[in-house]
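Participant: Position chain B relative to chain A; hints supplied.
2 protein chains.
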Amino acid sequence: MTDKDFLERAIKIAYEGIEKGTGPFGAVVVQNGEVISESTNKVVESHDPTAHAEVLAIREAAQKSGTHDLHDCILYSSCEPCPMCLGAIYWSGIKEVYFAADRKDAANAGFNDEFIYDEITLLPEKRNVSFKRIKGVDGREVFKKWERFENKVQY
Amino acid sequence: MTDKDFLERAIKIAYEGIEKGTGPFGAVVVQNGEVISESTNKVVESHDPTAHAEVLAIREAAQKSGTHDLHDCILYSSCEPCPMCLGAIYWSGIKEVYFAADRKDAANAGFNDEFIYDEITLLPEKRNVSFKRIKGVDGREVFKKWERFENKVQY
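Protein sequence lines, in the order shown, are assigned to chains A and B.
Per my numbering, the very first residue in the first sequence carries number 1; after that it's consecutive.
Per my numbering, the very first residue in the second sequence carries number 1; after that it's consecutive.
Watch out, some of these pointers could steer you wrong.
A pair counts as met if it fits within one copy or between any two copies, since identical chains are not told apart.
[What the hints assert, rightly or not] In silico PhoX-like pairs for lysine-lysine, Cα to Cα no more than 25 Å straight-line:
| # | residue 1 | residue 2 |
| --- | --- | --- |
| 1 | LYS12 | LYS126 |
| 2 | LYS4 | LYS95 |
| 3 | LYS104 | LYS126 |
| 4 | LYS12 | LYS64 |
In case anyone wonders, no lab produced these hints; they're calculated from the structure.
A quick note: this is a predicted structure, and the numbers were derived from the prediction, not measured.
Isolated chain A, as found in the complex (with noise of 0.2 Å):
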């Protein structure tokens, strides 16, 4: 199978998501040429907010292979990743991604990928979501702990 092949797969689950009442959202995740992990967006079924195609797939794929480290896998999305998504390719290690549709064409249908995109570039304390600090009450003293911390798995 060709890329093409997998990318026409992920759209093919997006559709279905639809006929499931799910959302229209596909995605495959790759190894060595064959499928290890599929699925579409999930949200409103299983009561999640982050149980989006990507991340499903790409939790799939992790469990299957017994680490979070996803570095030999390639992902195919019915939709460019929006930031979560992206976010959680990153940490995967995958290196490579396949989409279809874009950031725009999933904003003129409902969705807030395009909104999210511009609000993480602002600062914290811009944006619509507030994001806050308390003075006095500060988190560096756990990172100092964790890099003393001997037996540390570094991910």
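Facilitator: Okay, now just chain B, sitting in the frame of chain A:
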């Protein structure tokens, strides 16, 4: 309990994360003045690259609430949320976030948060992870079908 108390609780969970061998991050979700979920980071132990403290706390809060919509919740995090967690916050509808350490502190401790914040602003074709499209594969038709779908639940 005050915002300061909840934020300090998130930091305490981060310390516990080091002792448990998970990771130096902690998050707490509060609804109507009560903690409804809390978590450390569990990426390595759970083989899940998306298992950041904030994502896990949001998922648990949504499960307990029976809805993906957490607009009446506040999130407290030991560190500034990474782009993935920021996306999860927006999708959950949370409107208020308190954090202690920031992305630069996380970078100094060896975490990629700042790198991903930098990457996300780049055009897809300019990033370290390759984001590609394939000529002739169009994902927009799926959204058109979604728009015509009468039973959709917008999220």
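Participant: Indicate, hint by hint, whether the structure satisfies it.
Facilitator: Evaluated hints:
no.: 1; hint: LYS12 <-> LYS126; verdict: neither (39 Å within a copy, 28 Å between copies)
no.: 2; hint: LYS4 <-> LYS95; verdict: within (17 Å within a copy, 39 Å between copies)
no.: 3; hint: LYS104 <-> LYS126; verdict: both (23 Å within a copy, 18 Å between copies)
no.: 4; hint: LYS12 <-> LYS64; verdict: within (23 Å within a copy, 32 Å between copies)
In this structure, the one hint that does not hold is number 1.
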